[in-house]
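Just so you know, the sequences run in chain order B and R.
In terms of our numbering, the first sequence opens at residue 1 and continues consecutively.
In terms of our numbering, the second sequence opens at residue 1001 and continues consecutively.
Just so you know, these hints were derived from the structure itself, not from any lab.
Heads up, the beta-carbon is just placed ideally off N, CA and C, and yes, glycines get one too.
Worth double-checking, as some hints may not be accurate.
Pair by pair, the computed Cβ-Cβ distance ranges are [what the hints assert, rightly or not]: (1) B/Ala70 with R/Ala1202: 25 to 31 Å; (2) R/Ser1260 with B/Asp66: 48 to 54 Å; (3) R/Ser1128 with B/Asp46: 58 to 64 Å; (4) B/Thr141 with R/His1241: 42 to 48 Å; (5) B/Arg90 with R/Ser1080: 53 to 59 Å; (6) R/Asp1257 with B/Gly37: 58 to 64 Å.
Now the stretches of chain R that chain B is said to cover, found in silico as 3 or more residues with beta-carbon under 8 Å [said to hold, decoys possible]: (7) 1036-1050; (8) 1345-1358.
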Amino acid sequence: MRADLELIYDWVPQGAHVLDLACGDGALLESLARDKGVTGYGLEIDPEGITSCVARGVSVIEHNLDDGLASFCDHSYDQVIMTQALQALRRPDKMLDEMLRVAEEGIITFPNFAYWRHRVYLGLRGYMPVSKSLPHAWYDTPNIHLSTFNDFEHLCREKGLVIVDRAVGVGERRGHWTSKWWPNLFGEIAIFRVRRR
Amino acid sequence: MLSMPDSDTLAFADQPTGSVGLVTPHIAQFDTPLALACGKVLPEYELIYETYGTLNAERSNAVLICHALSGHHHAAGYHSRDDRKPGWWDSHIGPGKSIDTNRFFVVSLNNLGGCHGSTGPVSHNPESGRQWGPDFPMVTVSDWVASQARLADHLGIERWAAAIGGSLGGMQVLQWTITYPERVANAVVIAATPRLSAQNIAFNEVARQAIRSDPEFFGGWYADHDTVPKRGLKLARMVGHITYLSEDAMGSKFGRDLRSDDLNFGFDVEFQVESYLRYQGDAFSTAFDANTYLLMTKALDYFDPAALADGDLAKALAPAQCPFLIVSFTTDWRFPPARSRELVDALIRAGKSVSYANIESPHGHDAFLLPEPRYQALFSAFMNRTARELGLEEIR
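Let's have the full structure, built from the sequences with the hints guiding it.
Written out as structure tokens, the structure is:
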């Protein structure tokens, strides 16, 4: 499993009822259901991802996250998970509100634009960063709202959200000690666990 | 239990690969009266059905196929070597196909009130001594499901590995999960809706009026006059057919193409689309019974499980126990994706296991009948998963 997914796996309690936004091929939900008795639904828009979920026996709903979560009731889930999708949404801030409307807790991961390699790319070379976590060219990227570790913390403060946990991932592994101390500089993937106050 | 066909399919030379081959329909007779939703009782009846594949020793690999408005029991394979076309869902039923007959034992029947061999308006009415005709009682989706459950009993099938249907067939599957939740292990509901819209009912009413206003209809007793309301049925089919295709599909198939080079300034067939609709209508008007068509459209109109649960679809679906696969098609405007989504949202609210996909297709409502790579991959994935969950092995 991807580094950020491994961490999230640990954060989801036994028997939780979860919503996984942009659940991809359903690997996370499958292992959560199998090992921890977790229930819930994945939302996905990619046809291959959806077929893969169905093959795994993961309940998946074809859904465009930009349409919001109107069909999901208030406080109907323990957690809403959204990995690597925040930056591709039309209104990430509204989605954050939606996530914490339907669940107690939200887990969000996104590529940290302030990662030192990205800074070097832009600052020294003068090009839009292309990396493992940002693999697209500027003209065809789905990532229309790139942000940094600090940006997200700022948004949470503005919304009065409680950051229960935060972590970083670098490449395939979890963060090195440097990224723990200076996540905005050394964290490639930002991972947050937030709650409404 | 009467005869128990293990498999009534026969391979024949140069049959297409993936075909179940030659099939022979069976008839099941039921002597126990069936109380219908309309208040009437059907004292006895017959159901015609076909089976494909082999029922396993545990009888756990049976799949029920529910047909749509003008469908019937002949869903796959061929009745004779000379058949030009296979059954109506041959692209999805057969060895190696989405509903893999190497694993599943498929049961496909003609519904009560039909005109393809099950008891219906063209059958003999034992009480009156003549054809049922318009006296045949109104049948609803619930009535069909009740009769299908008796067919399952007759075949010794306690629980379907999956109940599967498109359009009106999907509504029967939904009803199965509500009425007999413990008898359905999986449900596949394709291009369906939890209830018809006013527009859907309106189109059905136009079709009915076309039939009923045909001078050859004789109040439904046309058989007594040795005639059929061909013109009415033809019109009904023409208007129905328009709703089965998308605007784009019609446009790309026919555009404004003319049959000849010049305009005739008359009312004969000029545009290709007119010719196509007339052809479809004509073919249907001699192959389908008008009274059956009237009954089937009413069954569609009446279907509304939420109405029996204070208008709450989630509450109506509360008894369901199985995983659902719900599929819609992007250009279907008869039962658009939003209707499937309504169903999906209700299932989510009810806390059911459900997956939903909206398949990109130019073919409108008819897309559910056709092969399409994504549709087939998804359908196969769900059925393979079903086979795995139930521990079904390849039989042949």
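Against the structure, test the hints numbered earlier, and report the numbers of the ones violated in rising order.
Of the numbered hints given earlier, the structure breaks just one, which is hint 7.
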